[in-house]
Amino acid sequence: MDEEIKLIDENGLRVDGRRFDELRPVRIEVGVLKNADGSALIVQGRTKILAAVYGPREIHPKHLSKPDRAVLRCRYHMAPFSVEDRKSPAPSRRETELSKVIREALEPAILLEKFPRTCIDVFVEVLEADGGTRCAGVTAASVALADAGIPMKDLVVGCAAGKVDGVVVVDLCDIEDKYGEVDVPVAYMPNKGLISLLQMDGILTMEEFEKALNLAIDGCKKIYEVQKAALKRKYDFTEKLKREADKSEE
Amino acid sequence: MSMVGGRRSLVIPGEIIVEGNFRAGLNTYLENGKIYSTVMGLAEIRGRVVSVIPIKSYYIPKVGDIVIGIVTDNSPTYWQVDINSPYMAILQVSDALPRPIDPAKENIRKYFDVGDVLLAEIALFDKLRSPLLKANGRGQGKLKGGILVEVSPAKVPRLIGKRGSMINMLKKELGCQIIVGQNGRVWINSVNEKLIDLAVKAVKIVDEEAQTRGLTERVKKFILKGKEKIDLESA
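Heads up: the protein sequence lines correspond to chains E and B, in order.
Each residue of the first sequence is one higher than the one before, starting from 1 at the first, in the numbering used here.
Each residue of the second sequence is one higher than the one before, starting from 1 at the first, in the numbering used here.
What the hints contain is simulated information worked out from the structure, not anything from laboratory work.
This structure is a prediction, so every number in the text was calculated from the model and none was measured.
Take the hints with a grain of salt, since some may be wrong.
Unchecked claim - No more than 20 angstroms apart at the CA atoms, straight line, and that leaves these computed lysine-lysine pairs for PhoX-like:
| # | chain 1 | residue 1 | chain 2 | residue 2 |
| --- | --- | --- | --- | --- |
| 1 | B | K194 | E | K34 |
| 2 | E | K62 | B | K127 |
| 3 | B | K194 | B | K204 |
| 4 | E | K234 | B | K204 |
| 5 | B | K56 | E | K232 |
| 6 | B | K56 | E | K114 |
| 7 | B | K34 | E | K153 |
| 8 | B | K110 | B | K171 |
| 9 | B | K127 | E | K66 |
| 10 | B | K227 | B | K201 |
| 11 | B | K227 | E | K114 |
| 12 | B | K127 | B | K172 |
| 13 | B | K204 | E | K192 |
To be verified - Just some of the chain E residues that point at chain B, by a computed CB distance under 8 angstroms:
| # | residue |
| --- | --- |
| 14 | H63 |
| 15 | P67 |
| 16 | A146 |
| 17 | A148 |
| 18 | M152 |
| 19 | K153 |
| 20 | N191 |
| 21 | V226 |
| 22 | K228 |
| 23 | R233 |
| 24 | Y235 |
Think of the CB as a built atom: it goes at the ideal place given N, C-alpha and C, for glycine as much as any other residue.
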């Protein structure tokens, strides 16, 4: 590999031609899996993640149940074909951690006390990884939860910021994540203005950190609009009826 | 938002429905004078109460509800019944049969077996234990034959309609036996299989378009059209 990797070119553009505050194109589809109670697919640049929600349902083993609320269980998993070198399908240390991180990012949004003694299972399956999978995973999982009809205080959106070649940028791709300096993933509840996940890997000055956090939150707000549009598109029956009426007229 | 006065709009979890002097009804919460939705559904303002009718919902047992269950397991003295809910229900032998039986001598599987469809009532549910059923009332017990359709539990009130307008129309126009369980299961039976088919389609339309206006009339038209087709085919 070339030891001198230029992540920001002379025009200030990044490796994939984006500006520092530009997100990758995001697409979300709702209800892609038939057997799950709720599901969503997110495509963010070359990152592609499937999220499925099952429940609330009976919890097994029974002793894990909580008498006053539901238990949220989360599984983040990368498909063996999601990265360049085949990844062993066995859950790695990193995946176990990300499962916990995603669970803790979603937990404050869900009204778990509505379903005591049950469990809600969230599966986040990474089909193609190109950076920002934990954030995209949170985004997709919260859409899947909404699709499953699980009561929530707010949707949760994930978006990362970071520093590459000395510039604070938003929504890092895999190369920027690997060869850049800092990665700051953030999960955010846009209507409540609360942060439910904040990590930082690398060192930033106070000013840089604030800049990165604001960029990530701005990114979250933009992705939230995509989430909203995706959910509404699926369930807007007046639209659907109109479309059907148009079709029958033709 | 311009929906005061009964207009409904589609909302997602966390969306602000309205600000000001309102009270939070079903599936909403109030914070700092703003009312937020907690589910995906249709927001509605009636008087000063804001509520959301969910698109997908889960059946939470309520004492006295008539439900349609499917037997999933049996032990010497009780059956385990799936009532389309996050909670599994229990039906004790003493709450199901008219006379006591000796579990040591008789196997209860000869009354209800795994896979049987039951019409039962929620007898007890306190959120600490599994809901208890009873099935010894009139018309309760095993449902033989027919077909089972599932709709969203939130749509059950629409399927019944105001004072039973929708369900009575369906029964009258189709001449089928139709039983609606509060848990979103609908049992349909008739000697004419084509009519059952038509009834299933009609119920699906109600489930999908529950929130639209003039639904009863539209379903009625659909049934009349379907019946004409059946008559033509048999003639």
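Verification of the hints:
1. With a C-alpha separation of about 27 angstroms, the suggested pairing of K194/B with K34/E is violated against the 20 angstroms cut-off.
2. Restraint check: the Cα-Cα separation between K62/E and K127/B comes to about 15 angstroms, which is no more than 20 angstroms; the hinted pair holds.
3. Of the supplied pair hints, the one linking K194/B and K204/B holds, its CA atoms being roughly 15 angstroms apart against a limit of 20 angstroms.
4. Restraint check: the Cα-Cα separation between K234/E and K204/B comes to about 17 angstroms, which is no more than 20 angstroms; the hinted pair holds.
5. Restraint check for K56/B and K232/E: satisfied, since their Cα atoms lie roughly 14 angstroms apart, inside the 20 angstroms limit.
6. At roughly 15 angstroms between alpha-carbon atoms, K56/B and K114/E fall within 20 angstroms of each other, so this suggested pair holds.
7. Restraint check for K34/B and K153/E: the C-alpha separation of about 13 angstroms stays at or below 20 angstroms, so the hint holds.
8. The hinted pair formed by K110/B and K171/B fails the criterion: a straight-line CA distance of about 32 angstroms is larger than 20 angstroms.
9. Taken as a hint, the K127/B and K66/E pair is honoured in the structure, with Cα atoms around 11 angstroms apart against an allowance of 20 angstroms.
10. About 12 angstroms separates the Cα atoms of K227/B and K201/B, which keeps this hinted pair within 20 angstroms; it holds.
11. Annotation: proposed proximity of K227/B to K114/E is violated, straight-line Cα distance about 44 angstroms (limit 20 angstroms).
12. Restraint check for K127/B and K172/B: not satisfied, since their Cα atoms lie roughly 39 angstroms apart, outside the 20 angstroms limit.
13. A distance of roughly 37 angstroms separates the Cα atoms of K204/B and K192/E; the hinted pair therefore is violated under the 20 angstroms criterion.
14. The restraint placing H63/E at the interface with chain B is violated, with a minimum CB-CB distance near 15 angstroms, outside the 8 angstroms limit.
15. Satisfaction of the interface hint for P67/E is found here, the shortest Cβ-Cβ separation to chain B being roughly 7 angstroms, below the 8 angstroms cut-off.
16. A cut of 8 angstroms between beta carbons decides the hint on A146/E: the least distance to chain B is about 5 angstroms, and the hint holds.
17. Because the smallest distance between the Cβ of A148/E and any Cβ of chain B comes to about 7 angstroms, under 8 angstroms, the interface hint for this residue holds.
18. Given hint, M152/E at the interface with chain B, holds; its Cβ is 4 angstroms from that chain's nearest Cβ, closer than 8 angstroms.
19. Interface hint at K153/E: satisfied, since its Cβ lies 6 angstroms from the closest Cβ of chain B, which is below the 8 angstroms cut-off.
20. For the restraint placing N191/E at the interface with chain B, the shortest Cβ-Cβ distance is roughly 4 angstroms, inside the 8 angstroms limit, so the hint holds.
21. Proximity of V226/E to chain B is violated relative to the hint, the smallest CB-CB distance being about 12 angstroms (cut-off 8 angstroms).
22. Satisfaction of the interface hint for K228/E is found here, the shortest Cβ-Cβ separation to chain B being roughly 6 angstroms, below the 8 angstroms cut-off.
23. For R233/E, the suggested interface contact is broken, since its CB lies about 10 angstroms from the closest CB of chain B, more than 8 angstroms.
24. Checking Y235/E against chain B: minimum C-beta separation of about 5 angstroms stays under 8 angstroms; hint holds.
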